[in-house]
Amino acid sequence: MKGSFITTKFNYILGWARKFSLFHYPYVTACCGMEYMSVVSPHFDFDRFGAGWTRFSPRQSDMLVVVGTITQKSAPVLRTVYDQMTEPKWVIAFGTCAVSGGIYDNYAVVQGIDRIIPVDVYLPGCPPRPETVLNALIRLQEKIQKQEQEWRWKRRKY
Amino acid sequence: MEMEKKKVLEELKQKFPEKIKEISVQFGDESIIVESGSLLDVVQFLKNEPCSYSMLLDLTCVDYKGQEPRFEMVYHLYSLSNKQRLRIKARLAEKDLWIDSLTSLWKNANWLEREIYDMFGVHFKGHPDLRRIFMYEGFEGYPLRKDYPLRKRQPRIPLRK
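From first to last, the protein sequence lines stand for chains L and F. At position 53 of the first sequence the residue is numbered 53 (the numbering used here), and the sequence of numbers has no breaks. Positions in the second sequence are counted from 1; adding 158 to them yields the numbering used here.
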């Protein structure tokens with residue numbers, strides 16, 4: 001029982017640390033990018049919630065923000081970017097196109113990025129308001145806090 | 159200005175009497191239908207002096223499914239000196255989807271023609287690099303044709319359900 005108390009606390013602290021140090025990688029392809037830019041800029045300020053660092057390198061980031069329409073042509077690229085990110089990693093589907101394909105129900109567009117990569121938070125809107133984006137970030141942080149953390153010395157169940 | 163337009167069309171009619179099938183005027187803009195085999199000659203004549211339609215604005219294709227001939231190429235020309243537009247159309251049968259490339263006259267025809275090849279499957283004689291431009295290698299069919307299935311998907315990587 002003593003050991004499990006320590007494990008739970010460690011899990012909590014690790015979650016707390018991880019949710020406030022999200023380095024994000026913006027995969028911006030479309031007009032939602034404007035909304036993303038306004039969110040990361042000082043007016044709405046992503047940084048207040050601890051996600052200020054934009055790393056334009058998937059290897060040093062742990063939150064993938066997929067902003068905009070993903071076509072069948074660029075699907076392998078997105079998949080590669082996701083695979084290059086190191087664990088732990090989370091994904092936000094930003095905007096209706098990334099969530100479900102949106103109005104583009106045609107030959108060229110992937111109908112939601114969850115067909116290619118796992119998604120943690122779905123953020124609808126065409127484009128979403130900056131407040132919605134901040135709300136999505138807070139939801140993701142709640143999720144990170146609650147989830148069971150993986151770390152290096154942990155024995156894996158699978 | 160009106161005189162100028164008429165002169166161009168009359169000259170065209172005189173020079174290519176049997177190649178120009180139809181001339182029509184709609185909302186002040188002329189459109190002519192040429193025989194697809196003689197497109198390059200007609201356009202070359204129009205580009206040079208005195209007509210000087212020196213700018214290729216756009217180049218596109220229309221699929222009239224069920225009609226014969228099925229496809230229609232549409233070229234929009236603009237004369238900078240005379241400030242007027244001209245639309246040139248050429249009909250193409252489905253069996254023989256070949257037409258002259260305009261890349262020798264305009265550089266921008268290169269990518270426009272690649273787009274038409276990608277979306278409609280029209281081939282261009284004398285095009286330096288006729289490859290798909292929007293869709294990827296291995297894409298089958300031509301998505302802007304009317305008989306392309308609306309919900310057909312051709313993913314490059316396996317998709318989850």
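To be clear, the hints were calculated from the coordinates, so they are not data collected in a lab. Certain hints may be false.
To be verified - Only some residues are given here: those of chain L computed to face chain F with a beta carbon under 8 Å: (1) Gly15; (2) Pro76; (3) Arg79; (4) Tyr107; (5) Asn135; (6) Arg139; (7) Arg152.
Unchecked claim - Listing some non-contacts, in silico: residues in chain L with all C-beta distances to chain F over 12 Å: (8) Phe49; (9) Thr71; (10) Gln72; (11) Lys73; (12) Ser74; (13) Asp105; (14) Val109; (15) Arg115; (16) Thr132.
What the hints assert, rightly or not - In silico SDA-like links for lysine to any residue, alpha-carbon gap of 25 Å or less: (17) Lys304(F) / Asn135(L); (18) Lys247(F) / Lys265(F); (19) Lys73(L) / Pro227(F); (20) Lys310(F) / Gly33(L); (21) Lys304(F) / Asp221(F).
These figures come from a predicted structure and were not determined experimentally. Think of the CB as a built atom: it goes at the ideal place given N, C-alpha and C, for glycine as much as any other residue.
* To do: Taking the numbered hints from earlier one at a time, note which ones the structure violates and give those numbers from smallest to largest.
  => 1, 5, 6, 7, 9, 10, 11, 12, 13, 14, 15, 17, 19, 20
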